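Student: Just so you know, the protein sequences line up as chains Z and P, in that order. Residue numbers for the first sequence follow my numbering, beginning at 1 and rising by one. Residue numbers for the second sequence follow my numbering, beginning at 1001 and rising by one.
Treat the hints with care, since some could be wrong.
Unchecked claim - No more than 27 angstroms apart at the CA atoms, straight line, and that leaves these computed lysine-lysine pairs for DSS-like:
1. Z:Lys101 <-> P:Lys1071
2. P:Lys1071 <-> Z:Lys63
3. Z:Lys101 <-> P:Lys1069
4. P:Lys1071 <-> Z:Lys57
5. P:Lys1057 <-> Z:Lys42
6. P:Lys1017 <-> P:Lys1069
What the hints assert, rightly or not - Coverage of chain Z stretches by chain P, computed from C-beta distances (three or more under 8 angstroms per stretch; other residues unrestricted):
7. 43-55
8. 70-82
9. 104-110
Treat the hints as calculated values from the structure; they're not laboratory data. Keep in mind it's a predicted model, so treat the numbers as computed, not measured. No residue lacks a Cβ here, since even glycine has one placed at the ideal position from N, Cα and C.
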Amino acid sequence: EDQVTQSPEALRLQEGESSSLNCSYTVSGLRGLFWYRQDPGKGPEFLFTLYSAGEEKEKERLKATLTKKESFLHITAPKPEDSATYLCAVPPEGYRDSWGKLQFGAGTQVVVTP
Amino acid sequence: EAQVTQNPRYLITVTGKKLTVTCSQNMNHEYMSWYRQDPGLGLRQIYYSMNVEVTDKGDVPEGYKVSRKEKRNFPLILESPSPNQTSLYFCASSSLGAEAFFGQGTRLTVV
Chain Z
1 EDQVTQSPEA
11 LRLQEGESSS
21 LNCSYTVSGL
31 RGLFWYRQDP
41 GKGPEFLFTL
51 YSAGEEKEKE
61 RLKATLTKKE
71 SFLHITAPKP
81 EDSATYLCAV
91 PPEGYRDSWG
101 KLQFGAGTQV
111 VVTP
Chain P
1001 EAQVTQNPRY
1011 LITVTGKKLT
1021 VTCSQNMNHE
1031 YMSWYRQDPG
1041 LGLRQIYYSM
1051 NVEVTDKGDV
1061 PEGYKVSRKE
1071 KRNFPLILES
1081 PSPNQTSLYF
1091 CASSSLGAEA
1101 FFGQGTRLTV
1111 V
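The shape of chain Z in the complex, shown without the other chains:
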């Protein structure tokens, strides 16, 4: 059973056009939520960790927020170099040691055009 769902699947933005990506999760006792950026053919690159509802983290044009049911990744005034697939991941419920068993969403593919 999927415990993390991302939307939209794809997003096409003009340079400077701000938008938000969604990551919703069904884990009841969330112990952490991770955001990653992935460029084609490369390994995911860590962006943020959020541990509790209300927490926010920022890095350049990216800001991640967390509620009790979902997380948002806000991209403010994006540039073409922000084009990538953005993934979120959570340690799932029901496993002996879920920290080793991160469940990833399918990702949102973002394309920013000049």
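With the hints as your guide, set chain P onto chain Z.
Tutor: Only chain P this time, still in chain Z's reference frame:
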């Protein structure tokens, strides 16, 4: 520099010929994992390890083996590769409660 190193980066092999993809990390992480990534299916975990000699199945373990004899290394073994194992593979490592670091990926083609 903290890193996860996979080898080889690219591999083309024939059906049934045993192969090993190596993974090494230099961060003294307890957790290591293998994922495969296929178009439209996202990242799927193959196996993971919580520490030396402790491993467990992920979501798609069939056709794969792993071992964790040393903390830094976590090789992925395909005893008899088949074309449906053609994929992009990633190794990752992490410590408890912290983010995972990923390797550069291994693109495997089985013909």
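Student: Evaluate each hint against the coordinates.
Tutor: Status of each hint after checking the structure:
{"no.": "1", "hint": "Z:Lys101 <-> P:Lys1071", "verdict": "17 angstroms, holds"}
{"no.": "2", "hint": "P:Lys1071 <-> Z:Lys63", "verdict": "35 angstroms, violated"}
{"no.": "3", "hint": "Z:Lys101 <-> P:Lys1069", "verdict": "20 angstroms, holds"}
{"no.": "4", "hint": "P:Lys1071 <-> Z:Lys57", "verdict": "32 angstroms, violated"}
{"no.": "5", "hint": "P:Lys1057 <-> Z:Lys42", "verdict": "24 angstroms, holds"}
{"no.": "6", "hint": "P:Lys1017 <-> P:Lys1069", "verdict": "23 angstroms, holds"}
{"no.": "7", "hint": "43-55", "verdict": "holds (count 5)"}
{"no.": "8", "hint": "70-82", "verdict": "violated (count 0)"}
{"no.": "9", "hint": "104-110", "verdict": "holds (count 4)"}
Violated hints, in rising order: 2, 4, 8; the structure is consistent with all others.
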